[in-house]
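Following the hints, position chains B and C against chain A.
Here's the letter readout for the chains.
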Amino acid sequence: MSKYEYVPEPALVKGNHDFASLTRLVTDVNLRPTPKGWYVAMIGANALLLVLLVAIGYLFWEGTGIWGLNNPVGWGWAIINFVWWVGIGHAGTLISAILFLFRQDWRTAINRFAEAMTIFAVMCAMIFPGIHVGRIWVIYWVFPIPNQMDIWPNFNSPLLWDVFAVSTYFTVSFLFWYVGLVPDLATIRDRATDKIRKVVYGIFSLGWTGSNRHWWNYEKSYMILAGLATPLVLSVHTIVSFDFAVSVIPGWHTTIFPPYFVAGAIFSGFAMVLTLMIVARKIYGMKDIMTDDHMEKMNIIILVTGSMVGFAYMMEFFVAWYSGVEYEKAIFLLRATGPYAWAYWTMMICNVLSPQFFWSKRLRRHVGFTFFISIVVNIGMWFERFVITVTSLATDYLPSSWDYYSPTIWDVLTYVGTFGLFFTMFLLFLRFLPMVAVAEIKAVLPQADPHNYDENYDYQEPVEEVPESQARLY
Amino acid sequence: MKDLEPTDHQMSEVKENTYWKSLSELAQNKEYQKFTEREFPENATELTDGVSRRGFLRVMGASIALAGLAACRRPVQKILPYSNQPEDVVAGNPLFYATAMPFQGNLIGLVAENHEGRPTKLEGNTLHPASHGRTNIFNQAAILELYDPDRSRSPLKNGTQVSIEDFAEFAASHFSNTNQRVAFISEANSSPTYQNLKNQVLNKFNNASWVTYEPFGEDNAIEGNRIAFGRRLRTLYNFDNADVIVSLNDDFMGSHHPNGIDYARQVALRRKLNDTNDTMNRIYAVEDSFTPTGSFADHRLRLKASELEGFTYALASALSGRISGLSTFSGYSNEFSDHQWISTLADELIANAGRSALTVGFEHNPKLHAVVSAINVALGNVGSTVSYLEVPHIDNQDTHQALQNVVSQMKAGTIDTVVMVGTNPVFTAAADLDFENALSNVDTVVNLSSYVDETSKKAHWHVNKAHFLEAWGDGYSFAGARSVIQPQIQPLHKGLSEIEFLSTILTGNLGNGYELVQQTFNGYYSSGFEKRWRKILHDGIDTTDNFNAVSVSLASSFNSAMNAAKENLPNTSGIEVVLRPDPTLYDGRYANLGWLQELPDPMTKITWDNVAVMSPTTAESLGVSNEDVVEINSNGKSIKIAAWLQPGHVDNSITLTVGYGREGIGRVANSYIDYTAGGVDTYPLRATSSTLFTDAQVSKTGEQYEIACVQDHHSLEGRDMYRQTTLEKYKENPEFATFKSVHGYGVPGMEEGHKLFGEAPISLFDEQEFPDKISYPEYEPQWGMAIDLNSCFGCGVCVIACQAENNIPVIGKKEVKRGREMHWIRNDRYFVGDDVNEPQAVHQPIPCMHCELAPCEQVCPVAATTHSDDGINQMTYNRCIGTRYCANNCPYKVRRFNFFNYPKEYLTTGDDPDIIQMAMNPEVTVRFRGVMEKCTYCVQRINRAKIETKIKTGSPKPEDKTVQTACQQACPTEAITFGDLTDKDSVVMQAKSNNRNYQMLEELNTRPRTSYLAKVTNPNPALA
Amino acid sequence: MAQIFPKWTNQVPRKILIGIIVLLNVVVFGIWYFFSPEFTDVGYAPEQPVPYSHKLHVDQLGLDCQYCHTDVFESKVANIPATQTCMNCHSQIQTQSEDLALVRQSWETGEAIEWIKVHNLPDYAYFNHSAHVNVGVGCESCHGRVDKMEVVYQEEPLSMGWCLDCHREPEKYVRPVEEVTTMGYQVENQLELGKELVDKKNIHAPTYCQGCHY
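Residue numbers (this note's numbering), protein chains in the order written: chain A, 1074 to 1547; chain B, 485 to 1508; chain C, 2 to 215.
Quick caveat, the hints were computed from the structure, so don't treat them as lab data.
It should be emphasised that the depicted structure is a prediction, and the values quoted were computed from it without experimental measurement.
Backbone N, C-alpha and C fix where the C-beta goes; we use that ideal spot for every residue, glycine too.
Be aware that a few hints might be false.
Claimed, not checked - Computed beta-carbon distance windows for the label pairs:
#1 A/Leu1104 with C/Leu24: 48 to 54 Å
#2 C/Val13 with A/Leu1501: 20 to 26 Å
#3 A/Glu1369 with B/Lys1239: 57 to 63 Å
#4 C/Val23 with B/Leu579: 58 to 64 Å
#5 C/Val23 with A/Gly1203: 23 to 29 Å
Same shape as in the complex, but just chain A:
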């Protein structure tokens, strides 16, 4: 009896599952005939998507004037939504890449799911920088393409960095996601009974046979991609924050933005994962895989990042006062007490106050409450971007040019519309792709663990028996 007692991790997968049952549990969703509920949801999502298309169409036709923008406030909801969606797009890659490198096995239950969300969120995000410009038809000038004008984009501009950062992030996340999918697609291909499924899944599983060599390549590429993705998680939102941090506008021009934006991004990302997970696991009966333990772990991350964000808010005020710059001081006072105070305090309550409830274990494990907070957090994070973007512009250096910004119906419709795109994609994902990384989650089952401990948890040296025939090779 050693003086240290080995406390086993609570099983990551509840219920008495073996490999086969897990495979069925996950992939049957894709093989079963489409449920009615799915169609209903899909129609709703498409309706919203239509709204988006109409809003964008009218924007192209009339010009950015249909939005509530004015002279001091050149960026409104478009940019806010962009930052918000990109932020949400952070959880996925963090879970899949960073937690993978840190060997956090619990990630396997949600990584597929979170990555999908990431990709769709980034899609929604990428719409906005594209459409918010005045002359959309020449937007391609931001790409360094040789042209008859002999002129390149301005590589000093954070907006240009954005273009590269976000597109890179999207590409890598997408590859990462797809590579992870390959074995599972193969599984579905093999379980599929009808020709079409066989062919389609067959094509996308790239002829996966599950041979040792395939697995070896798979693991390597997955590891490499994880390595590539990890810095991206940090770089994307850092660079997005540069859009503001690099400017001279009080309230934007601050060095705290990169860490503060990344923390906020993870904060909102996890909240969004939770929102979706809690619904999905109920509908698809995945409670055994996406357990309350997972929920609790994620709630802890929300608590941590939420507090980091809160700390950043305080720091901003301190620095504003400490810097002694009157414009800096003024802008922060205005945020808290000025025309936009309502937005500021919404942000504070949602982002700083609400996560604090998760100090209590009971609340961390309470499904309904978690769901509620997860939504509150995303509302809060939207307002954070609103406060940063709008208040700073509305009341900057020259009092003469101060003006109030309020959005028009088209700002709102465009934002609402992006949910149409998001949910459409997500529903398609749930319907046709395995929402859990089957291959990976099997690896965390007890069955997958080599039994090197006896019932008293004493370590037993495994005995290696080499067949005669092969012994010669050694």
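Only chains B and C this time, still in chain A's reference frame:
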């Protein structure tokens, strides 16, 4: 917009106080805050736009066009050469001709830029004494008037179009009867040709009467001089010699003063400070409502218009004991006699006798003018600061009286024909005259006017008037300089000028302006006509002082008149309403010019509307705040108009401006329900008895009316954008304007910079550090601008000049309301001081600063805004994709964005856009939807000068003063200097070497090329 | 388990990958070339209302450019001659020619002849002839060998990049001012001569935006 209601709602809660409490550390007493900032406007939603956008398209009407920007890939473009090329026309090079603009009958000499026979821009004529090469807002906007598609396009017979020949026929037959009783009502006109014709007309018709009618003319002043001196004389000031100026409710620097440009220049030049040894004149203003002149004064006293008479008599009596000539007032006293100002002014005027000037506003009654003239005489100012001119073309009768007589005759039916020349009495005449009905008793009404206006609609015959740039004319400036009005283009709509019109009536066949004017000048030029004629056409002026200044002495009638006046002073119980000409539309004649409608009022910064301006105290007593509609009842008439709080306005008084609320004049002037040119017709409150102020009952209606004000926030918040001091303090500390003396410490990074590279502050960038570290190519000039705040009185001509030069669109009230104004140079107006009732108002013109380290340049993703070798912050429209990042990152917020396709939208709605397109400057691209734009330092002028210099001299650097920006050239007080910073002797370098020179937001190290010269006031210690 | 796909499909993914890369490059370079004036505009030769032949007048009769385009040294535009200019000769020569009917008509009525513009610059590009010819940029440098054209056509792309070629290295193109109108001007030592001229005329062709765009 359900979703947003909570937003806006909570807004209004927060707005009231908390917002400003939060800033109270920026040193402000709470009471003041309430007024220094106006509540942020709540934007209406795009949804309600459908209607109003169309409205705004109509508005765009007379104001924009697409001069360039080919839409499709290769439109087939044609070149139409002359068939027979006129000499000295070089296609592509503009020609400049001298001409002159008549305003209230007084000419202001101008030079017209003419591209292949189409005038595109007007500048002042440097040889002309009324202009000195400078202009006012009306001169600048005249170009737009010329090309206004809403101008009347043909004669109308009872409302139906007829040809000009038809009118000639009618004239021939109708006016052959010389015994008919015909009344002529004409606007003021100084043209000698016109005067000849007038005399001929009066000879021809045995029963003719002639009235010269200007709703806001100088008649009171002239009548005043008759009371004082027994002769109808014009008062002309010469502020060059005035050390002390007392303005009694007289906005003599304002654009609408017939001699405003010259006066403003004289006053301002006496306040130029090159170093601490220079002296300044001292200006006292007594006024009810804030005027540019009042904001320029060193001391300002708020006084109800009705109390001014008493005040002036009290002043006269205070003086009477100490100088001779005012004996009538000796011993007289009233409630003002022991007012601090009376004794102070008396001392000042006596101390500066002979070098002082007392002025009073034209709107005030003749008696007041008489006293002021008497005082000026008594002070011995005549000959030095003031002179009295014999003006031949001024009628020898009180024109207000004359008009009343004619109207009563008309009502009595004793008039057969009324001929109105260019005047609009149906709209402007005092309400109780009921001119409209009077007209209906007349058999034949003939009217000449540029627009089919209220009067034309009542006339049997309307003749479309030719614009002064379309027809020959002549006349005198206010001070008596004689000029010829040289047309720049054939009449666009075959209109008749006044002289052609009169001679048609006289002779029965269409007059020829050219011959008529030449005849007149044949009379002047006994010998060598051809030569002298050519000279006057070239110079735009021949003889300057054609009105002889007469020596004056008080007439016996004066005393009796005064004794009567002293006894019954006018007084208004409760709230008085004051009617004034509008600072931008004058009496309404410019109502259809989008440029002027959208030009912010110099003091309220309101566009597109007139409002009931009142003091915060009065507003409180009425329980109204901004945009609350009040009902004003006076003389049985009643109007509803939005209230506006104006710090510094006198209590218990409401100032209204006229000219708005028009019907069926043109798409800009017309008042629409929603958002487009609105305003209220305030003339109904005008009464013959009291043209300036009347008693009124004012009540709150509970309605709201949205006002488009371009400045939402009126306090500096204790920031240092605007720096000023007094003359003594300046002499003590000439460096008062530097960042260090304002903040007590230097600009961060400057010291470190000194160690590294001499003068320059520390910087990440090596390039663009001119002049401290030459990395600009030395063969290029380096452009810079200095704006002397000591000379700016906020008239706004720079804004219009810029708009005219740079094809800046008019966007309509709705868009201005949204905060999308497009002006490249704006004129910020702040209220300074702690007492909300006695604030100082300061003006600060803000163009692009052309920063050497421009924040906008770093952030543009496509390099659409970059720096040129000659130090200009360039905006390249055709590269711009419209991210608006540059505008966000501009600390001075001078960048303007085309949120909609403003020019194009006009093209699809105007009846014949071609006409307006002619007003566009061919040297400047018309910007398309979705591109950013901003002040370019008039790069088209710079490039033209550079190329011409290069060709002529081979040098890449134009001579100093050869490049003038539009704003600089227009500014009457020479507040703006521009030039090459590499030339140490250039005017701009001299200005920048002045110790008052400072950079706005210097601490940001943006290194602006546009800098400011701090303001210095010259207060009287006695009043301090 | 039955094979779904034949063996050759093993290569497909690789091929697709390569295909995409190639395609992207083709697109980029396609746009670069086919969307540029060099491809779209060069060779534009609209039919003119009057079949005026530069070949005849310049090459064979030896008229100088400036005989008709008189203002090129003073103005931003090289003017199209007034009908008057044509009539100087054609009131004696070819008085009855069919081709000249329009010219005579214009001369009588005073109506302009509607020539079609060949060398179109965008309205936001402010090109100034006098600025160029006065420092020795030859007519043919931009307009090509007009003396060999029966019908005038656009020979150079007139694209921004093309302008910059010369603005960046004027010495490669400038010539003595008196040679400006010469057609087919050639010297072996263009570079040295060019450098001399650049110094002599102190030519600093602007390469910043507002040199041309405002």
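How the hints compare with the structure:
no.: 1; hint: A/Leu1104 with C/Leu24: 48 to 54 Å; in the structure: violated, 35 Å
no.: 2; hint: C/Val13 with A/Leu1501: 20 to 26 Å; in the structure: holds, 24 Å
no.: 3; hint: A/Glu1369 with B/Lys1239: 57 to 63 Å; in the structure: holds, 58 Å
no.: 4; hint: C/Val23 with B/Leu579: 58 to 64 Å; in the structure: holds, 60 Å
no.: 5; hint: C/Val23 with A/Gly1203: 23 to 29 Å; in the structure: holds, 26 Å
In summary, the one numbered hint that this structure violates is 1.
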